[in-house]
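> Here is how the chains run, residue by residue.
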Amino acid sequence: MPEPRPETLTINMGPQHPATHGVLRLLLELEGEVIVGTRPIIGHLHTGFEKEMENRTYHQNIVFPARIEYLATFIEEMAYVLAVEKLLGITPPPRAQVARIILAEMSRVASHLVFLGSSAIDVNVSSGFMYCLQDREEILDIFDMVSGQRMMHGYYRIGGLHQDLPEGFEARVRQIAEGLAGRVDEYDSLLTDNLIWRKRLEGVAVLTPQTALAYGCTGPVLRGSGVNYDVRKAFPYGGYEQFEFDVPLGRNGDAFDRYLVRMEEMRQSRRIILQALDRLPGGPVRLDDRKIALPPRGELVRSMEAVIHQFKLVSEGLHPPAGEVYAAVESPRGEKGYYLVSDGSNRPSRVRVRAATFNNLQALPAMVYRGFIADVVVAIASLDVVLGDVDR
Amino acid sequence: MPGLFKQSVALLRGLLITGRYLFRPPVTILYPEVKTRVAPRFKGRHWLTRYGDGIERCVGCELCVIVCPAQAIYVRAAENTPERQVSKGERHADQFQINMLRCIFCGFCEEACPTGSIVLGQDYELAGYSRASLIYTKPMLTEPYPGASGRDPGREV
Amino acid sequence: MTARMSPWNPERDDAELERRVLTTTVERMVAWARQGSVWPASFGLACCAIEMMCTAAARFDLARFGSELFRASPRQADLMIVSGRVSQKMAPVLRHIYDQMLEPKWVIAMGDCSSCGGVFNNYALVQGVDKIVPVDVYVAGCPPRPEALMHGFLMLREKIGATGGRR
Amino acid sequence: MISVVLVAAIKSVLVVVMVLAGFAYATLLERRLLARFQLRYGPNRVGPFGLLQPIADGIKLIFKESFMPATADRLVYWLAPAISMVAALFVYAVIPIGPEIRFFGTTVPLYIADVNVGILLVLGASSIGVYGVILGGWSSNNKYALLGCLRSSAQLISYELAIGLAVVSVVLTAGSLSLVDIVNAQQRLWFVALQPVGFLLFFIGALAETNRAPFDLPEAEQELIAGFHTEYGGFKFAMFYVGEYVGIITMSLLVTTLFLGGWHGPLLPGPHWVAIKTFAFVCLFIWIRATMPRVRHDQLMAFGWKVLVPLGLLNVVATAVIVALVGG
Amino acid sequence: MEWIIFVPAAALAVAGGVGVIAARQPVHSAIALLVVLAALAVTYLLLTAQFIAVLQVIIYAGAIVVLFLFVIMLLHARSGEGPIEKLPRQRVAAAVFAALFLAALIAGSVAATGPLALAPEGFGTAQQVGEVLFVTYLLPFELASVILMVGIIAAVVLVKRVPPARGEGR
Amino acid sequence: MSGAGACVALLRERLRDLDLDVTEFRGEVTVIVPAAQAFEALRALRDAPGWTPVLTDLTAIDRFPAEPRFEVVYLLTGYSPPVRLRVKARLPGEVAVMASVTGLWPGANWLEREVYDMFGIRFEGHPGLTRILMPDDWEGHPLRKDFPLTEEPVQFSGHTPKVPSTIIPKSPPRR
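Residue numbers (this note's numbering), protein chains in the order written: chain A, 1 to 392; chain B, 1 to 157; chain C, 1 to 167; chain D, 1 to 328; chain E, 1 to 170; chain F, 1 to 175.
FYI, nobody ran anything at the bench for these hints, they're computed from the structure. Every value quoted in this text rests on a predicted model; they were computed, and no experiment measured them. C-beta: ideal position from N, C-alpha, C; glycine also. Don't take each hint at face value.
If we take Cβ atoms under 10 Å as the criterion, some of the chain B residues that face chain A in the derived model are [said to hold, decoys possible]: (1) Leu11; (2) Pro40; (3) Cys64; (4) Pro114; (5) Gly116.
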């Protein structure tokens, strides 16, 4: 940003500001109320994930991804676990795969609900916020039931899942998925048709496809600008190639299109969940390889061998071959990738987290140029930033 | 003009939606009086469980210490003596501390425990006026009687 | 309608939090008022902030205790819920916001990261927000369930009721 | 002479107490009602049903540290919230809540003063109220507060115009500037039927004038932290708060008085009707807040100047023509 | 009876007037001006000219001084406090003129020894103001509005800047 | 452009004197180019017909104490058809300087700043190479292997334990 000109007013938005969805700091240069310069300052939530993960074993690292992007927790865990599995060259059992997809799509819905809720409160529809969070609670209840935690599940394991899905899981997921269509329709009529909502979002924070590509934007931000790229379709992972779903695209690249894309994605997630429930296979949920996955609990009392495996795997961790992989998933915010470099030891020698919002956020100055302060709020909301993901 | 009419109707419909909620009962859980029933798998406060006969399960193997990503557990093992047979193995945990403020409730310790001693219970009300008050020691962690943690004391692991 | 909780116990707690007997009626009235009207600053950092939002949302409804007025301006807030990890870069900002709040003010360290760094024991994070600001209540959990936060909040209320808001 | 002053003084005190109580419970009403729109309970723990919540809030704010930003303009920083509150309370001198009643053998009118330009006085008081906002925002020496106060005063001035035009049409219809006369003119037919456009204008203007959703830009916390009162805390903040909520009650009362026949209504005595109608409007304000997104500042100004003001002018002209034709 | 109200109001008006020129802070000047206007409104009320009093508040206090404040704040926000201009010669001239004006005032009030004239019936009512504005002095009134309009257009033209070409901030 | 192989072929054709080292692991193609020619190679890839690669990621690896110590990693993705290609350049520890690719992809701006912040690798031609995640006055580059994790012992009553990362020691690489 050039030196502030005398006739402009520089205001500092954040790092603690209600609209920045966390600890993002923006230096806005204003002419009146028109923005002529934006400088995002990030790093206020830098947690040192990459370094931390390089100092833990592959198994211990399972706890970290969900804390990086804390809104799409299951998708995050999936990304990391997939990366390690790719490094090891293994595939989890089919039941685990489908269960992961169900949980990932539920996570996506939960995350989009937070997006919707926080966008709503950013333009002061506090009720919409409450309804969205209440719907999310229903989903979190299922997560709690499955993993014992609402947000930081630690449920996925390298080579499968921690334990089988609980009793009554399918029925409850189905019930929520069935009800989801009505909920999304209700939000549609509460917000989409609302004149003020449209006026606030339409034509605001426009992102052209060229700019989006230049900044490496992904996810709904990119698709809102009309570029068809969804990791689930382009580089299918974890069994997504077996499911039918559409990738919604926007046309104008404004905040309204991104909002619509996310609304439609919730409907598509519902489709995937229902399909996955129909074809959820039986069988084990963890690989039967004692070098990778812990033995079943029951064996510990019967077999000395199992106890030895348990001790070895816990106290040493697993040892993938030397090499490097990049595994990406489609998180609610875009392409989330884990780039793991192994030197053959029990710790990754390099963990790189490719954060979708880091790239998306770079496009913010271009999006809000010559907009109003109020548009910045909408733009940040429509980017759906998670600062944990940006700063890592 | 028809556009204006449609828009006004949309605004009114928004009002109707929120208005409808006014007549629904609140979903609020009246927390301190009504405790939320967490899922059976819920990972809350830790317990060191006992067998049905009251013998402690923990053998002081320190696998939980090793696997803990936050290193929130500290165990000092001691030999069992014929006079004082605390656990079934050769050793038992002489000291067992968990720093609840470091623990992230991931459940890895429970998974790693070969005897099923450490379990994550249902209690989530963990708060204190000082950091030290949240370092739980063995007397606080050991279940007072078999099954107090809510887990079947007769289970194998 | 006060909550049934573990009573305020001075022995159990640190010396600086020792009980101060409220003598006059006015003091009691003020303590009662402060207890019933704790307005938190809307100060969200990381994962815990999401659970803090849930605490204010319909299912848990912190508003029942008169505390739903999350104030964007620290000047109007009484309580800072440090909800998430505090990085070295954020620490001065946090302190600044705390300084902007008017006395009497309280701090809840919500979750492991703000209480002591939690699982992130590394260069980037302040290992415990009590190194920057005085903390009244620590809530364990990663993140704590909304009920757990509420439990901590009720403990804080109890403390305010017992001390009248002075440290 | 003395007795006149005494009665006026007693009535003033009564009104101030009532209005302040009304303010306190308007905040509680808003919090409880908003909560019910959002499937929750709202404050219900402090006192029975949460009824003591506003009192707790008030005591807490009074006993909060008294504070002033180091760089603030001392005089103005103090003056602003006081202006805000006093201007809001002043209006009640002329708003009638009922006809005369018999009391200890004397006839006591249920209004403090029947000024023959009463409605203009209300407008005048609200134009003074702007100073609270503008000076408060300026004196805190904070960029957010300054932006908030500029926005806010621009908004208040613009929408005052719309309100003024709506009022003019009512005045033309009633043929008097006195609020008592205006209410009496509605004995047979409420002005909401005669002046539907005026009613709409006034209602929208009232939302904007009291900084309520969807026009609550001055304190748009997602954009400007807390707007003009960002730097205010404790009791001074409470005074702004009083000004704001009293404003809501005032506007509801005015809508009642100007368009809904004031104290006229079947069966119940006058003041009850005024209370019921006002309460309904306060609820409507809250309902709208629970539903509507916030408009953007430029959209707000455009709406005010390009839609409301021309509409108001047309309405005044049309009313004048009709009054001239019918009444002449 | 009226003296009880008139004297403080008049004193306040004078004090406010002094405040306008004496205050260092422009905002304080504006507030002092507000006091003057309010005190004047009170004196209008004493003349039973309620309508004029209220108009005084609405128009002067409600609009004009607000605009002053706007200007002050916008300038203040941009460039900080401007240096106080010292023009010694003007001060001398101002003092001379002020003295002359004071003398004229005193002379006028001494000369007016007759009984105080009562305000005419209906003085200051809406009807009377309307008649004066729209009947007696219609032409000057409309001319004034045209002049104001010209001023507004000029201000807009002067202030309006051509927006810079669209470029993307970094 | 039908796949990563075609990209490599194109690179070979465009830059004949380029010293390419192509490896494949788990289906991912990595091209190692000399640091001095990395910019040329990346430009050739970006302008290659048939795809419009997006710079998905830009990061670095520290192989301390091995030399050359650093590897700068560019991950290119073509969206239609979906192709991924990883380009790496090795840098010595003493003069860790690369040519900035912000001219090719504006999105590289923050990514390069992050690499600078975390590894201390400088990018020449970058419009404003300053710290991005760490405070401006921070000393050191956290993701370098010789930068300590800076742990503190967990608080227990009456005991000071080892720091977390030493509980499970890093095992020597297995074959």
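> Does each hint fit the structure? Answer for all of them.
Checked hints:
Because the beta carbon of B:Leu11 sits about 6 Å from the nearest beta carbon in chain A, less than 10 Å, this interface hint is met. Taking 10 Å as the C-beta cut-off, the interface hint given for B:Pro40 holds, the closest approach to chain A being about 8 Å. Evaluation of the B:Cys64 hint against chain A yields a held restraint, the C-beta minimum of about 9 Å falling below 10 Å. The interface hint given for B:Pro114 holds, since its Cβ lies 5 Å from the closest Cβ of chain A, which is under the 10 Å cut-off.
The beta carbon of B:Gly116 is positioned within 10 Å of a beta carbon in chain A (closest approach about 8 Å), and the interface hint is therefore held.
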